[in-house]
Each structure stands twice: as C-alpha cells, then as structure tokens.
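J.: Read off the chains here:
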Amino acid sequence: DAGVTQSPTHLIKTRGQQVTLRCSPKSGHDTVSWYQQALGQGPQFIFQYYEEEERQRGNFPDRFSGHQFPNYSSELNVNALLLGDSALYLCASSFHAATGTYEQYFGPGTRLTVT
Amino acid sequence: QKEVEQDPGPLSVPEGAIVSLNCTYSNSAFQYFMWYRQYSRKGPELLMYTYSSGNKEDGRFTAQVDKSSKYISLFIRDSQPSDSATYLCAMITPSGGSYIPTFGRGTSLIVHP
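So the sequences go chain by chain: V and R. Going by our numbering, the residue at position 24 of the first sequence is 24; the numbering climbs one at a time, nothing skipped. Going by our numbering, the residue at position 96 of the second sequence is 96; the numbering climbs one at a time, nothing skipped.
With the rest of the complex left out, here is chain R:
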C-alpha cells in the first residue's frame, strides 16, 4: 500500500461544475498537506497548503483536511477550461528541519466548455 493514494482519473466535468479531488493517506505522521497543479509539459505549481484539520479557502479553491479519516480534498468552484490539468496532493512529515513532500500520483481533470 502506498503512503498516499490518489485516483488518476481522468475526471471530466462541464464548465461551471464543482469539482472534488481527493487523496487518502496511511502515515499518521504527516502534518502538512498541499495541493499542486501541473499543466502538461510544465512543473507542478503550489496551489494551497494547510497543516490543520478543517477547511481553507482561497478564491475558487477550498482545501479540506480530515486527519481522523486520513483524507484530504480539494474543491474547485465554478470550474473553467483553464483548470484542466493534473492535480497532485502532497504531504510532509517534518524531519530534522527538512520538509520533503510525498506526492500522490495525480488526478487528471478535464473541464469542457
């Protein structure tokens, strides 16, 4: 079993839909949780991060962490075709002052007009 599990998709939705992307994890030591967006042929771009259970909102994006269930989600409201990308969750166990993320495999999102 991988430490971080993420459905690869693809997830196809119409423009304007609410998108829900999810990851589960097995390592209780994870303390930081992040979501990256990766466009084709580009490097990952940090979207959001959080270190506590609950919700964190930034514009159309909401990150949700449930540590008791070891489950994190990213919600995208009013999805746009420009949101079409691969979304990677990542988690960190701080170790010796160094923060090395463990990534999920990514979910491919397609938003069609």
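Chain V extracted, bound-state conformation:
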C-alpha cells in the first residue's frame, strides 16, 4: 500500500515564475492538506481540499492556489514566486469521515528553491 507520494522531489525556480506541485494521497484517503515548512520551522497550514473544494485556508496570499481531482490527488500552484517561498512543501492526506481527522499522513515533501 503506497503512502502519500509527492512530485517532484526538488525544484529550482526563478523569482516571478510559477510552479505546480503534485500529491497523491494514501489509498483510502479523500482529504488532502498542504503545508509550507521553512528551514528550522514547523509546517504552516496552507489549505485543505475535500470533495474537490477548498474547505479551509491558512494565512497565505492568493498566489497560492490548489486543486483536487476526482481521484483525490491534488496540486498546489504558486504564482509570482518570491525568494521567501523557498521551503519544503508537504502534502498530508486523511479520511474525512474518520474519527479524529487529525490523523494525517505526510508525504516526503517537495523542496522548492527560488533564486
């Protein structure tokens, strides 16, 4: 049973460019959350998708957008990249109807470097 997978592993972009990161949830999971983890910091919640809709959003600008597909996989898009967007981007999946949807399973992350 594959866990949460993310692609690509690493990415280098230039300021002003746009980037798309991808996530496939753990088998049986229907909810995907995205987090940004800066070096030496804990993960910061970006947004959560369930039933192909954004259900909750953290304190991130509109440059950050996402999408969830019918197969529950998800994309994170970031436009007009800034140097401060350099971070590890984590995807976490969970089962919405499960008791305690705090049981999230994280992927290995995508390391984004903006130069």
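Source of the hints: derived by calculation from the structure; they are not laboratory data. Be aware that one or more of the hints could be misleading.
[Said to hold, decoys possible] Residues from chain R that face chain V, not an exhaustive set, calculated with beta carbons under 8 angstroms: (1) 8; (2) 43; (3) 44; (4) 46; (5) 88; (6) 100; (7) 103; (8) 104; (9) 105; (10) 106.
[Claimed, not checked] Calculated Cβ distances over 10 angstroms to all of chain V for the following chain R residues: (11) 16; (12) 57; (13) 64.
Idealized CB from N, CA, C, for every residue including glycine.
Fit chain R to the known structure of chain V by using the hints.
T.: Frame of chain V; chain R shown alone:
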C-alpha cells in the same frame, strides 16, 4: 508570542538516556495534542496523540499533557541512535469538523552511541 513554543535545540544525549521534549502553548482552546517525528529530508510521522490531561504510553514513548499549565511533554526511554530526528509538537482546536494542527518549530534530538 507564538501560540506554540518549542525549544529548537539541538538536544544531544548518550544512547540509553531518558529524553524529555517539551512544548508550551497559549491557546486554551487547544483540545488535541500530538507529537510528530521528522527525519532529515522526510515528512513528519505521527508518533502519539492525546486529548486529555495526564499520561499516555506507547512502548518507549510517553506523552504527557498538563492543561492547567498549558504544557506538554514527550518522554523517550532507552533512547537509541535511530531516535535522532526532529520532534514536532502540534495542537488542534476542532473547528467546523475540520482538524487543522498548529505546529511548534520542532526540537532537534541527537542520540550518540
């Protein structure tokens, strides 16, 4: 002041030592408390969770919550070099059926042979 405070360390201990990792928080609405382990270049892995004050034990790990002091701890007994990782505490205020954790910055633990 951040909602969740955690000393970044690093905390260096010899193999076999008892390790104590701690977090303090300011939001009384937090109801769920979790500990994650994150190895270098990996995503966080849920170790333990609890929603009540007191202790919860799982093998070599014990999670402790003191809601009156807004203080949580993770104890690791008989620490091993394989326990070397960053340990993140996280807390949740259930809101509208959605459980979004607020993380501490993590404590780096080094267990040397």
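J.: Are the hints correct? Go through all of them and say.
T.: Quick rundown of the hints versus the structure:
1. Annotation: interface hint on residue 8 of chain R holds; nearest CB of chain V at approximately 6 angstroms, less than 8 angstroms.
2. With its C-beta approaching chain V no nearer than about 3 angstroms, residue 43 of chain R sits inside the 8 angstroms limit, and its interface hint holds.
3. The restraint placing residue 44 of chain R at the interface with chain V holds, with a minimum CB-CB distance near 5 angstroms, inside the 8 angstroms limit.
4. This hint holds: residue 46 of chain R has a C-beta 7 angstroms from the nearest C-beta of chain V, less than the 8 angstroms allowed.
5. Evaluation of the residue 88 of chain R hint against chain V yields a held restraint, the C-beta minimum of about 5 angstroms falling below 8 angstroms.
6. Interface hint at residue 100 of chain R: satisfied, since its Cβ lies 5 angstroms from the closest Cβ of chain V, which is below the 8 angstroms cut-off.
7. Hint status for residue 103 of chain R relative to chain V: holds, with the closest Cβ pair at about 3 angstroms, below 8 angstroms.
8. Given the 8 angstroms rule on beta carbons, the hint for residue 104 of chain R holds: about 5 angstroms separates it from the nearest Cβ of chain V.
9. Look at residue 105 of chain R: its Cβ gets to within about 5 angstroms of chain V, closer than 8 angstroms, so that hint holds up.
10. Annotation: residue 106 of chain R was flagged as interfacial toward chain V, and the flag holds, the nearest CB pair being 6 angstroms apart, inside 8 angstroms.
11. For residue 16 of chain R, the requirement that its beta carbon stay farther than 10 angstroms from each beta carbon of chain V is met, with the minimum near 28 angstroms.
12. At roughly 19 angstroms from the closest C-beta of chain V, the C-beta of residue 57 of chain R stays outside 10 angstroms, upholding its exclusion from the interface.
13. Residue placement check: residue 64 of chain R keeps its beta carbon more than 10 angstroms from all beta carbons of chain V (closest about 18 angstroms).
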